[in-house]
Amino acid sequence: MSAAPVVPVHAEATEVADTLRWVIPVGTLGFVGEPTALPAPLQSLYDDGVLTAPTLVEPSAVLLRMAAGRSWRADGPRVRRALQAALAEPREWRAPSDACTDDVLRAAAEEVLAGEVGDFVRGHGGVIEVVDVAADEVTIELSGACAGCPASGITVQHRFETALRRRYPGLRGVVAHERRDASPRGPALLSLLPTRHRDA
Amino acid sequence: MTLDAGHCAVPGEDRVGLDEQLPTLALVGSPNSGKTTLFNALTGLRAKTGNYPGVTVTRYVGRFSVDDQEMVLEDLPGTYSLAAISPDEQVVADVLDLDHPALARPDALVVTLDATTLRRSLNMLAQVLATGLPACVVLTFTDELTRRQGSLDVAAFERAVGVPVLTVTGGRRQELGPLRDLLLGWSAWPVPALPPPTEPDEVPGWIESVLTTSDYVLPKVDERTRRIDAVLLHPVWGSVVFFAAMFVFFQVIFTLASPVQGWLEDLFGFLGTQVRVHVGNRYLASFLADGILGGVGGVVTFLPQIALLFVLISIMEASGYMSRAAFLMDRVMAKAGLEGRAFVALLSSLACAIPGIMATRTLPSMRDRIATMMGAPLMTCSARLPVYVLLVGLLVSPSARIGPVGAQGVIMFALYVVGALSAMASAWVFSRLGRRSGPLLPFYMEMPPYRMPSARSVGLAVWDACRGFLRKVGKIILGTTVVLWVLLNLPTHSDAAMSAAGVDVHDSSAVSSYTIDHSVAAGIGRAVEPIFEPLGFDWRINVGILASLSARETFVATMGQVAAAAHPDQPAQGLKHLTVQSGSREGEPLFTAPVLAALLVFFLYALQCASTIGVLRRESGSWKWPAIAFGYLFVVAWVMAFLTQLVVGMLT
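Protein chains in written order, with my numbering: chain A, 1 to 200; chain B, 1 to 652.
Mixed in with the good hints, there may be bad ones.
Covered stretches of chain B (in silico footprint by chain A; criterion: 3 or more residues with CB under 8 angstroms from a CB of chain A, positions within the stretch not fixed) [what the hints assert, rightly or not]:
1) 158 to 169
2) 188 to 198
3) 209 to 221
No lab work stands behind these hints, which were simulated from the structure alone. Bear in mind the structure is a predicted one, so any value in this text is a computation, not a measurement. Cβ atoms here follow ideal geometry from the backbone N, Cα and C, with glycine treated the same way.
Chain A extracted, bound-state conformation:
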């Protein structure tokens, strides 16, 4: 094995044909948003007109866009090597000036709710929204069928928190509120489980 182990990445398609979502290991970069500076190997591809803006960092992915007239099939292998070299030196990536680590947690939580966990909740007529992110702790609000649902505790703990922790290992806890003015369908039931989850 050489000095720097290769950073495991793979590319996934996005809705935009010229943009690929490069899935990277969680916690590699430590920020989200559009970076203001890139390491030399990746920056040179922008200078050569292979890649073009916008470049977007997500909690576990980097979105790269191919410049017009270029193709992923032809230039992709070059981009992959440059990205891996760039990920090997995460300090050279410059986060947006207003960035803070809570943005990463917020983005991760939004991703979870947009994905499979959100689908599950919506499929049951429930609604979960992120209301606050502070100091590695997420506060969510349950409404719709979730409000007053005795299983909501399980959903929050087993599905939401597990999925979120995978994207943000530094998570301290999830605080779940039920929206007070919500009018649950059917009789209101008391939750058997506490809806507040916090690591000891």
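Using the hints, position chain B against chain A.
Coordinates of chain B only, in the frame set by chain A:
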């Protein structure tokens, strides 16, 4: 490792043409990934087989239709990688190669991945996707993944690999519907904008990333498999179980198959009598009754044994025991200076030497390849089975017992063991003769978890083997038998000439005996008598041995013809009552214990198979090695048969 007698008799069969008009899909996957199960489930066994140009890797092509749209499905050989090492892998690489001149490329690929060994399988998926052909993935064995507490987020996996992914377990019907619909829309499958990397240093990172994203939890070692393996792979208990299993194997072949064989014999005997009664022309009646029914029919009666052999072999293979047997024997092979891969080749030769010789292509060193090729024809192939059964049946009666077990099965087992030991000894000698120093490459063999063999796959293997056997009977053996019948019945003699020689022309049995004794074949048999005399063989056995150079089973057909001529009423019993016609043993039974033992040993060693010689020629690149193999095996066969004859003669 594939044990398939279907390959045995059909080298050089014409190639299957792909229909240019229909969309063609090809199945790609590693061995044991459920590829063939899927193929059979989709095409409903309407497969055509043939060979790829230039190589004897069998090609399977079938058709299926979805919503009246007919499509062609090709089952490519199982492969772990497109970086070709073996001929099987070369075929897959060639088929997927855009620039390959001889082969039409499929329109789209269906990749089967075993969900329990996903990390290894993804390497091949990366190579397949790099071809740029439309592809979809079928995940198999997901039930086993769950049972062994592994898991996979299939939706995330599908996003990560960028092509459609479906799970199909064991070709279940309710899962085939969605697959058929998916295959119908192959032209609309998404092709990843950027295929996965194929550089050796980049692939592990891609695999790691894909598996992490899809939350792949590696299945635990199958507890059942682990417990069974603790015994079966044990150096001592494993070997004990292996030999006990083999022993039972041959007992079963005799005890279960012989009643069925008896019925077939009765059937052919009855048909022979009917032919004699109803066919007026004497020559036609003799041709049909002695040549076809007595000769070819005599070989066909061994179908039950062949079928049973393949039932047992395919159960051993499908249950996962065959790999363990090879692993156990790897230690023995290492002592002989050969690697485990050589044992795989020898093991394949149990079905037929031809796939065994072709399996030597996995050996990297030419020396080891030649050494293994020289040993492979000694393994007891299925073609020897009829000869052994016939001769062992004459040697000891079915009721004879050695302790609690049947003596016939014990002798059969001994023949297999001696064959295997001789094969290894021969491989060892040839590898010593010109060993070049070089590191032994690591021997890699998959230990699949124990699985319950499905009746369908066992049935298919047996069907394939029986079809291959009957096809061989229909071509080589029938051809040789017809030639023999002509040689045994020419020249013709007038009634007057026979009367002059003191033959009662009204006794048909005496007439046919006289005809055969004065036939061209008898002349040939007598001409080679000096060679075989010391072994106790007379001209009739010599003719059988000469005929068996085309295929070993022909010996049975020849003896059947001779016996049918001498004892038309009971050809099955006829052989027992044949007597020596001249010389010091005149009047004594021909098939005495020393002669039978010598014959068995001769068949154990001699290279009597035209197809094997042909394959040796092709695989070694010249006539030198087949000539050496034929020569040395003939000398060994003669010497060993002579010694056996002496020893058994002294004992009895």
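For each hint, the structure was consulted:
Counting residues of the segment 158 to 169 of chain B whose C-beta sits closer than 8 angstroms to any C-beta of chain A gives 3, which meets the bar of three, so the coverage hint holds. Here's how the segment 188 to 198 of chain B fares: 7 of its residues keep a CB closer than 8 angstroms to some CB of chain A, so the rule of at least three is met and the hint holds. Chain A is given as covering the segment 209 to 221 of chain B, and this holds because 5 residues of the stretch bring a CB closer than 8 angstroms to a CB of that chain, at least three being needed.
In terms of the numbered hints stated before, the structure departs from none.
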